[in-house]
Amino acid sequence: MEIATESKSGSRDSDAEVAGCEKRMKETDYDWDGRLKLEIEWNPMKLQIQTVQADMDRLMTSGKGEDEGGIVQSEAKTLLEENGRIVQMLQGSLSPLLEKINQRFVDHEELDGKDASKMDSAMGSGHASKVDSAVGNSKEGHATKVDLAMRNSKEGLEGDKSGKRKVSKKEEKLQKQLEQYEEYRRKMAEEELHRDPEELTDPYACQARLFEKRWNELYLNHYGRLEDNTSIPCKRYTVNPAPCGGQKCDTLQVFSVKVAELTGGLQWPLDVFGMVALRDMLDHNRNIIFKRGRDNCQTLTDENPYLVLSGPVRGVVYTAPVIFEVRLSVRGITESDDKELSLLAARLVNLSYNPLESLLIKKSYTSRLSTLDFEHGNIVYSVEATISVKVISGPPDGFYGEFAAATDSLKCEILLHSSGFEERHLAGDEIKLSRSVVSVESFGKLIVSVRASDGSVTLTGTKKFRPLEKGITTGRLRIAKLCQLEFTVAWSLFSYSGT
Numbered sequence: 001m002e003i004a005t006e007s008k009s010g011s012r013d014s015d016a017e018v019a020g021c022e023k024r025m026k027e028t029d030y031d032w033d034g035r036l037k038l039e040i041e042w043n044p045m046k047l048q049i050q051t052v053q054a055d056m057d058r059l060m061t062s063g064k065g066e067d068e069g070g071i072v073q074s075e076a077k078t079l080l081e082e083n084g085r086i087v088q089m090l091q092g093s094l095s096p097l098l099e100k101i102n103q104r105f106v107d108h109e110e111l112d113g114k115d116a117s118k119m120d121s122a123m124g125s126g127h128a129s130k131v132d133s134a135v136g137n138s139k140e141g142h143a144t145k146v147d148l149a150m151r152n153s154k155e156g157l158e159g160d161k162s163g164k165r166k167v168s169k170k171e172e173k174l175q176k177q178l179e180q181y182e183e184y185r186r187k188m189a190e191e192e193l194h195r196d197p198e199e200l201t202d203p204y205a206c207q208a209r210l211f212e213k214r215w216n217e218l219y220l221n222h223y224g225r226l227e228d229n230t231s232i233p234c235k236r237y238t239v240n241p242a243p244c245g246g247q248k249c250d251t252l253q254v255f256s257v258k259v260a261e262l263t264g265g266l267q268w269p270l271d272v273f274g275m276v277a278l279r280d281m282l283d284h285n286r287n288i289i290f291k292r293g294r295d296n297c298q299t300l301t302d303e304n305p306y307l308v309l310s311g312p313v314r315g316v317v318y319t320a321p322v323i324f325e326v327r328l329s330v331r332g333i334t335e336s337d338d339k340e341l342s343l344l345a346a347r348l349v350n351l352s353y354n355p356l357e358s359l360l361i362k363k364s365y366t367s368r369l370s371t372l373d374f375e376h377g378n379i380v381y382s383v384e385a386t387i388s389v390k391v392i393s394g395p396p397d398g399f400y401g402e403f404a405a406a407t408d409s410l411k412c413e414i415l416l417h418s419s420g421f422e423e424r425h426l427a428g429d430e431i432k433l434s435r436s437v438v439s440v441e442s443f444g445k446l447i448v449s450v451r452a453s454d455g456s457v458t459l460t461g462t463k464k465f466r467p468l469e470k471g472i473t474t475g476r477l478r479i480a481k482l483c484q485l486e487f488t489v490a491w492s493l494f495s496y497s498g499t
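Mind the numbering: the sequence shown is residues 1 to 499 in my numbering, read in order.
Only pairs whose alpha carbons sit at most 30 angstroms apart, straight line, appear in this in silico DSS-like list of lysine-lysine:
1. K187 / K170
2. K187 / K169
3. K339 / K363
Pairwise CB distance ranges (calculated):
4. N354 / W268: 38 to 46 angstroms
5. Y306 / P197: 27 to 35 angstroms
6. A189 / L220: 30 to 38 angstroms
7. K445 / Y219: 32 to 40 angstroms
8. F443 / E217: 38 to 46 angstroms
9. A242 / I333: 49 to 57 angstroms
10. D271 / S418: 16 to 24 angstroms
11. R214 / T371: 22 to 30 angstroms
For the record, the hints were derived by calculation from the structure and aren't laboratory data. Just so you know, even glycine gets a beta-carbon here, dropped at the ideal spot from N, CA and C.
Kindly produce the complete structure, drawing on both the sequences and the hints.
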C-alpha cells in the first residue's frame, strides 16, 4: 500500500509538472532587430523523467522479491500503464512540435549547436510534449506580442525620426541665436568706434547733452522748447474744484542742493550762476528751484556751500520718474574764463514701497568740475500747501527773521526765507518768502517754525496746521514780546495732467 501511494503521488506530480512547464514557457522582449527570443526551462523536465524511471525500477524490483496477494504487481502494473500513456503522448506530439518550431523561427537565425542539442535532448527525454503544449497554449499570446513588438519597433523608428526633426529645429534655433549675437557684437563694435569719449569720462554730462538732443527730436512739438518753464501754477484747486476731482499723490520735496567737492583746480569761494530745475509728468517743463544770471551770482564758501533755493513754483508730482536738471557755471574774470561747474539731466525714480511712509533720500552726482549732494524727500499721499507770512506787530526798528517748514513725518526742515542781518521786518510787512510751496501728507501736519531776533536776543516759535484738500487756513503766532505773525496756508489737490 505504501508503494501504491507513492505511485499515485508521482502521477499527480507529473501532471502538475506538465502544467507548470506550460506556465514557465515564456517569451522575452524583441531584440532591436525584431527577432523573438524563446526561452524554455529544461531542468525540471529532466528531473521528472528521472523520477518516473526510478519508480518503475523500484516497482519491478519489489515485484520480483515478494508478492503480497498480488498487490505489488497490481500497483506496478497501474504505474506502468500511466507511464506508458505519458510516453505515447510525448511521442505523438513530437512531430507537431518540430513543425511549429520550424514555422516559428523560419525568418530568424538557425539555433546554435548548444540550443539544438538541448532541444534534441528535450525531445528525446520526453520534453517534446510539454514544449509543444506550452508553445501551443501560448501561440496566440506570442502572436500578440510579436505584433506589439513590431508596432513598438515601428513607433520607435518614427520617434527617432521625430527626435531628429526636433534636434534639427533646436540646432536651427541655436544657429539663429548665434547669428543674432554676432550681429549684436558687430553693432557694439561699430558704436564703440564712434562713441563719445565723454560717455566714459563724464557720463552725467553726456546724458544731459543727449537729453537735450532727444527733447528737440521727440518733445518739441508736444511740450515746447527745452528752456520753457512750467505754466501750471500753485493753488490750482484752492478755490475752484478740480475738473476730474484732483488727487492726493506722491510728491518730490527738495530740501537742499550742496556743492560738496571741487575738481579741476577750482578753489573756494566760488561765484556760481545758472539753473537747477525739476521736470515731472504733468507738463515735462522746467520747475525752477534755483536760477541766477551771471550778474547775480551766489557766492559759495567752504563753510556755506549750499545753494539758496527759490522754488519749486508748484508741487512736483512723483507718480512717474522726475528729471533733475542742472546747468551751473563758475564766473571768471571774463565770460571766456567762465567754467562749467555741473551739467546734469539725472532721472529720479520713486523708491517708496510703503504708501503711508515718506522717505528722505540723499544722492550725489559728479559731473564736470564738482560733485553735487541732492537731498530730497518722497512725500506720500500728499497735498500742496502754499505759505505766506505777514507781520502783525513788532519792534519799531523791526527784527531779523528765519522761516522754515517741515512735516511731522520727516522732521527735515525746508528753509523758506532767511533775512540774515541785512533785512529787517516791520509791522504790517508781508514777508516775501524765497520758497513758499510745500508738500504735506494728507494724514499728517504742517509745522512752520520761526527764529526771530532784534539784534540782542533770539527767540523761536512754531505753528502747526492740519492739511485740507482745498481752502485756506490762517493762524497767528506770538513770539514772546518781540513780534506777532500771521500765517496763511492755501491748500490744493494735484491735477492728473497739465491740462
